[in-house]
Amino acid sequence: QGDDVYNDAGQISLGITSAVDVDGRTFENLQLGGNASVQVTDTTDEVVAKLTATPSVTEGGEITYTITLTNKDGLPINNHSALTFTLSDGKTVITVPANGTVGTATVTAPDNVYVGTNDPVVMSIATVGGADVGKFEQLTLDKTPVSTSVTDEPGTPGNEGDLVKVTITADQTSVAENVKPTFTVHINTALAHDLVVTLSNNAQVTIKAGETSAPYTHAAQGDDVYNDAGQISLGITSAVDATGATFENLE
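The sequence shown begins at 22 in the numbering used here and counts up by one.
To be clear, the hints were calculated from the coordinates, so they are not data collected in a lab.
There may be inaccurate statements among the hints.
What the hints assert, rightly or not - Have a look at the derived ranges for each label pair, beta carbon to beta carbon:
hint: 1; residue 1: A103; residue 2: T258; range: 55 to 61 Å
hint: 2; residue 1: T165; residue 2: T267; range: 33 to 39 Å
hint: 3; residue 1: T267; residue 2: K201; range: 33 to 39 Å
hint: 4; residue 1: N99; residue 2: A266; range: 18 to 24 Å
hint: 5; residue 1: K186; residue 2: S145; range: 34 to 40 Å
hint: 6; residue 1: S168; residue 2: T194; range: 26 to 32 Å
hint: 7; residue 1: K186; residue 2: S109; range: 32 to 38 Å
hint: 8; residue 1: G111; residue 2: A266; range: 27 to 33 Å
Glycine is no exception: its CB is placed at the ideal position from the N, C-alpha and C atoms.
Throw the hints in and build the complete structure from the sequences for me.
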């Protein structure tokens with residue numbers, strides 16, 4: 022029958038269809054016996070599903086995950102429907118096509134605005150599904166975790182890293198001298214930590230983690246009897262991460 026990786030035990034049955042004398046003579050009483058059968062049992066040939074990954078990427082880069090089906094004896098793996106593998110994050114799915122041995126999926130690596138070491142991305146095979154999962158004599162999931170290191174963006178011309186831009190706007194174009202003008206400090210992206218912003222009058226405003234703005238109220242100029250209209254102008258002198266982390270590209 023031939024050795025393979027699939028469950029296909031069965032029976033080989035042979036019978037006699039004729040028997041003739043080589044000289045052409047006819048027998049007085051020729052009887053042909055019944056069939057003879059041999060049961061063919063499966064031997065267990067293991068197919069291993071193994072996961073590999075891109076070893077290293079830059080923040081925001083593409084991690085390619087590959088699942089490969091192999092048999093140690095080199096037996097063909099070419100008679101099955103599509104197999105769907107789910108990885109340990111519960112979201113990444115890799116499909117090995119029908120009669121195929123390799124499937125891939127691409128995932129975007131984490132990205133952040135800070136300088137420093139990033140946690141590696143670790144993944145493993147969690148489950149497999151498909152109509153023919155039970156067709157294999159033994160389908161083994163190699164659940165050895167694979168790790169991808171994530172390096173900082175270089176912070177060089179053309180790739181200065183993820184931009185954190187801090188700005189300030191006035192909430193009013195004009196106020197009476199006895200009214201406190203208000204301003205808003207903005208950042209272009211929500212951060213993982215609080216951001217402490219120092220204004221040009223040395224006041225400090227904290228933009229909380231997960232938020233993109235914070236208000237600031239300036240003292241009123243003061244009501245008086247004199248003509249002393251003017252302008253209040255505020256700028257930003259510094260912006261620092263509350264935990265001391267350094268930004269890749271602070272503007």
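Results of checking the hints against the structure:
The given range of 55 to 61 Å is respected by A103 and T258, whose C-beta atoms sit roughly 60 Å from each other. Between T165 and T267 the beta carbon distance is about 35 Å. The supplied range of 33 to 39 Å therefore holds. The beta-carbon spacing between T267 and K201, approximately 35 Å, falls within the hinted interval of 33 to 39 Å. Taken as a hint, the range 18 to 24 Å is violated for the pair N99 and A266, whose Cβ atoms sit roughly 52 Å apart.
Between K186 and S145 the Cβ separation comes to about 39 Å, which falls inside the hinted range of 34 to 40 Å. The given range of 26 to 32 Å is broken by S168 and T194, whose C-beta atoms sit roughly 55 Å from each other. Here the CB-CB span from K186 to S109 is close to 36 Å, well matched to the stated 32 to 38 Å. Distance hint check: the CB atoms of G111 and A266 are about 29 Å apart, consistent with the given range 27 to 33 Å.
Hint compliance for this structure: hints 4 and 6 are not met, and every other hint is.
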